[in-house]
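Given next are the chains, with one letter for each unit.
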Amino acid sequence: MMHAEGLVLRFGAVAALDDVAMEIHPGEVLAIVGESGSGKTSLLRVLAGLQPVQAGSVVFDGQEVLSLSDAAKRRLMRTEWGFIHQNARDALRLDISAGGNVGERLMAAGARHYGRIREETAHWLRRVEIDPARMDENPRNFSGGMQQRLQIARTLITRPRLVFMDEPTGGLDVSVQAKLLDLIRGLVAELGLAVVLVTHDIAAARLLAHRIMVMRHGRVVEEGLTDRVLDDPRHAYTQLLVSSVLAA
Amino acid sequence: MTVLRVEALAKDFMLHLQGGLHMPVLRDVALAIGAGECVALVGPSGAGKSTLMRCIQGNYGVGAGHIMLRHCGEWVDVAAADARLMRAVRRDTLGYVSQFLRVIPRVPSLEIVAEPLLARGVPGDIARVRAKDLLLRLNMPEALHGLPPATFSGGEQQRVNLARGFAPHYPLLLLDEPTASLDAANAEVVIGLITEAKRAGSAILGIFHDAAVRARVADRLFEVHPVRETA
Amino acid sequence: MTTGYNFAYLDEATKRMIRRALLKAIAVPGHQVPFGAREMPLPYGWGTGGIQVTASVIGSDDRLKVIDQGADDTTNAISIRRFFARVAGVETTESTTEATIIQTRHRIPETPLREDQVLVYQVPMPEPLFKLEPRVRESTKLHALAEYGLMQVKLYEDIAKQGEVATSYNHPVIVDGRYLMSPSPIPAFDNPKMDMNPAIQLFGAGREKRIYAVPPYTRVESLDFEDHPFRPIRAPHACALCRSTESYLDELITDDRGGRRFICSDTDYCAQRQRT
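Protein chains in written order, with this note's numbering: chain B, 829 to 1076; chain Y, 11 to 241; chain W, 50 to 325.
Calculated from the structure, these hints are not laboratory results.
Just so it is clear, CB atoms sit at the ideal spot from N, CA and C, and this is done for glycine as well.
Do not rely on the hints blindly, as some may be mistaken.
[As the list claims (entries may be wrong)] Calculated lysine to aspartate or glutamate pairs in the EDC-like style (CA-CA distance at most 16 Å, straight line):
id : chain 1 : residue 1 : chain 2 : residue 2
1  : B       : K901      : B       : D918
2  : W       : K190      : B       : D898
3  : B       : K901      : W       : E196
4  : W       : K210      : B       : E965
5  : W       : K203      : W       : D305
6  : W       : K203      : B       : E965
7  : W       : K210      : B       : D923
8  : Y       : K142      : Y       : E121
9  : W       : K210      : B       : D964
[What the hints assert, rightly or not] Label pairs and their in silico Cβ distance ranges:
id : chain 1 : residue 1 : chain 2 : residue 2 : range
10 : W       : G226      : B       : S885      : 49 to 57 Å
11 : Y       : R238      : B       : P880      : 54 to 62 Å
12 : Y       : V132      : B       : D898      : 53 to 61 Å
13 : B       : R987      : W       : G308      : 55 to 63 Å
14 : B       : A841      : Y       : H32       : 30 to 38 Å
15 : B       : P880      : W       : G226      : 46 to 54 Å
16 : W       : R131      : B       : G938      : 46 to 54 Å
17 : B       : E1018     : Y       : H32       : 41 to 49 Å
18 : Y       : V132      : W       : T189      : 48 to 56 Å
19 : Y       : H32       : B       : S864      : 26 to 34 Å
20 : B       : V836      : Y       : F23       : 32 to 40 Å
21 : W       : P285      : B       : D923      : 40 to 48 Å
With the sequences and hints as input, model every part of the structure.
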C-alpha cells in the first residue's frame, strides 16, 4: 500500500532520518517506537506528505507522495488518509459543535445533505462511545479522552484506508489511555485499516501493532513481528527499551 | 506427510545490557514431524525446549538454520519469513499454546477463544458457538465466558489458552506444558483434545512435564541437549 | 476643471493600477485581487473601496446613481454622488434605468439591470472565510484549492443551533462553480439577482485592499444543503406606499406603541411604482 526508501532528512547537522525505509500493507498496523528525537515523528510527517526530505521516496498506491502537489496531498488527507494528532485540540475546531467537527470531513468531501450528514455523524459518535445527544455541544468542554475520541470519529468518518497516528494516547490519564487503546484496536480491526502508529509506549505498541520498527538517531535499528521484537530483542537499544518496561 | 522440518538450527542470546553476555542455547537442531504425529520435547530444565518451540513459532529469531513449514501447500522457512508471511502462517497453519496466557487485556474470554476463527473469516455466531463448546468442555462455567481472564486463577487462564489453541484446526500445533496447572479431570480433557487433533491430521509438538500425559499422547520423543560452551 | 483635482479625483496611474486589478478580477470571477488602495477623503467604512472602483471606471458621459441600503437620499449616498459630480463633473441620477454606473451599499436594485450597466459594491470584508479561518495564509490556500467544506460547516452549525441558516444577509456564494465569494452585506433576498446578471458587478474593499468581480451572465449560486435549500427571504407584507409584494421591504417603527410599516428599501423602484 505504501513503501518508502532512502529517506534522508537533516535539520542542520542533525540527521532526523538517515536512510530510512519502510513499508505497510492493507490492514496492517505498524508501530514506530523510539524515544524523543529518534526520528519517529519526523518519519510519520514525511510519510504523510507533511515534511519534505533531502532524499528518498515515498510511494502510495503507485504514486510518489513527495512530488505530489499540495492540492493532491490535501485531497489524500481528506479521503484515503487520516491523521490522528497527539493533542486533539490541534485537530478539532473548538468553537464548532462536536457534530460539526465530525461532519466536516464529509462536507469537505462534498456531502450536501444535512439530514444524512447528521445521521452519519451520530453513527460515528456512537462508535466512539460519545452520546449523540451531545452532538450539538461544543467540544471545548469535553474531557481529554472524549476530545481524542471525537478526533478519531472525525478522521474515520470518511473511511480512510491508511491512518497515521502520532502518540494517540499521549497526555491522557492511564485509565483513559486503556479505554482509548481498546477503542482504537476494535475500530482498526473492524475497518481493516492500515495504521502507522508512532509511540514511545511499548505496551500500546504490543497491544495494537502487528509489526514494530525501532528507531534510534534517525535510523531503523530493528524491525519485525511485534512479539518477536519485544520478546527477543536483538539490538542493544531495543533491549534497553524493552527492559525499561514493566513485564506485560 | 512431513509438516515441519527443522534443519541445523542454532539460537544464541546476546545480552547487551549484561556487558554483551553471549548465551548459546540451541546448536545444530534437526527435527521433522509428520501429519497426525505427536512429538514430545524432552531434556533437562534449561536445555532450550521452550526456546526451540518459540523459534518455530517465530516468537524468537533464529541465528542459523532453517525451519521449513508446510503452509497452504508450500514450504516456507519460518527462520527467514517476513512479518506479513508469519501472520498468515500463524493464522492458517501454526497454533501455539504458551505456558502462560498472554492476551489483550479487557477482552472477554469467549472472544479470546473465538478470535483465531474470526481471523480466518469464520462467521461470528459459528465461531462463538465453537468457542463456547470448547470452554464448557474444559469445565469453564458459562458465567466466566463473558469475563476477561485477567482475574482468573492460573488453571482457568490455561484453559482459556487451550480452548483458543484448539478452536481452529492447525496443521501444526505447539503446546508448552499444556497440563501443568490443570487438575486430573481437565488434563484428561486435554488428552482427549490432543488425540482428536492428531486424528484430524494435526502434527503436535509439545513439552509435557507430566510423564503420564506424555506417555499417552506422544508417538515419539525428541531430546534437546544443553549446549556446552565450546568457544 | 476648476476643482484642482484630476478627473474623478484619483491620479491616472492609480486608476490604471485599479483597472488592471479589475481586469484580472473579471478574468477570474469571484477571486479576490489585491490592489494598492489610496487614502480617500472619507473614512473607511464609508465606501472608500467602492469609490476607488467607480473613479477608475467612470467616464465624463456616464450617469451615476449611488444607493445606500437601497435609498438614494441618505447622507452617504448623497455625499458620494456630490463628490463625483464635483471631481468628475458627471451627471447623477436617482433612476436605476437611466444610470450607467450604480454604486451600492448593501442592496441590488429591484429594477433588472442591463448589459450597458456597471454595479459597484462597497465591501467591508471581502473574505467569506474570515470568521472561520482567521489565518490569511490558510484561507488563501483554501481558495486556491477550492476547499470550501468549512463554509458548509458554518451553515451546518446555523441549522444545528438555530434550526435554519442564520445568514439573512451576506450569504456566501460560489461564483462560476469555482470561487467562494462574499456578496457583501446584501440581504440574502438579493443573492439570486447576482446570478446570470447582464450587468458587470464589481466589488471594492478599501480597508482590506481587495477587488473582485462577477462578469455578465455568470453563474452565482448560494451555498445550501439539499434538504435545507437556500431561500431568499422577504417580510411577508406589501409595501405600504406602492403595494409591491415582490420587493425587499424595510420595517419602519412609526410610534412607540408597536406601530410599524413596511416599505420598499429601493426608493427609486417604489417611487416609479407610485407614479404609475
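Checked hints:
no.: 1; hint: B:K901 to B:D918; result: 19 Å, violated
no.: 2; hint: W:K190 to B:D898; result: 9 Å, holds
no.: 3; hint: B:K901 to W:E196; result: 13 Å, holds
no.: 4; hint: W:K210 to B:E965; result: 9 Å, holds
no.: 5; hint: W:K203 to W:D305; result: 37 Å, violated
no.: 6; hint: W:K203 to B:E965; result: 15 Å, holds
no.: 7; hint: W:K210 to B:D923; result: 13 Å, holds
no.: 8; hint: Y:K142 to Y:E121; result: 10 Å, holds
no.: 9; hint: W:K210 to B:D964; result: 7 Å, holds
no.: 10; hint: W:G226 to B:S885: 49 to 57 Å; result: 36 Å, violated
no.: 11; hint: Y:R238 to B:P880: 54 to 62 Å; result: 56 Å, holds
no.: 12; hint: Y:V132 to B:D898: 53 to 61 Å; result: 45 Å, violated
no.: 13; hint: B:R987 to W:G308: 55 to 63 Å; result: 59 Å, holds
no.: 14; hint: B:A841 to Y:H32: 30 to 38 Å; result: 36 Å, holds
no.: 15; hint: B:P880 to W:G226: 46 to 54 Å; result: 32 Å, violated
no.: 16; hint: W:R131 to B:G938: 46 to 54 Å; result: 50 Å, holds
no.: 17; hint: B:E1018 to Y:H32: 41 to 49 Å; result: 45 Å, holds
no.: 18; hint: Y:V132 to W:T189: 48 to 56 Å; result: 54 Å, holds
no.: 19; hint: Y:H32 to B:S864: 26 to 34 Å; result: 31 Å, holds
no.: 20; hint: B:V836 to Y:F23: 32 to 40 Å; result: 34 Å, holds
no.: 21; hint: W:P285 to B:D923: 40 to 48 Å; result: 34 Å, violated
The structure shown violates the earlier hints numbered 1, 5, 10, 12, 15, 21.
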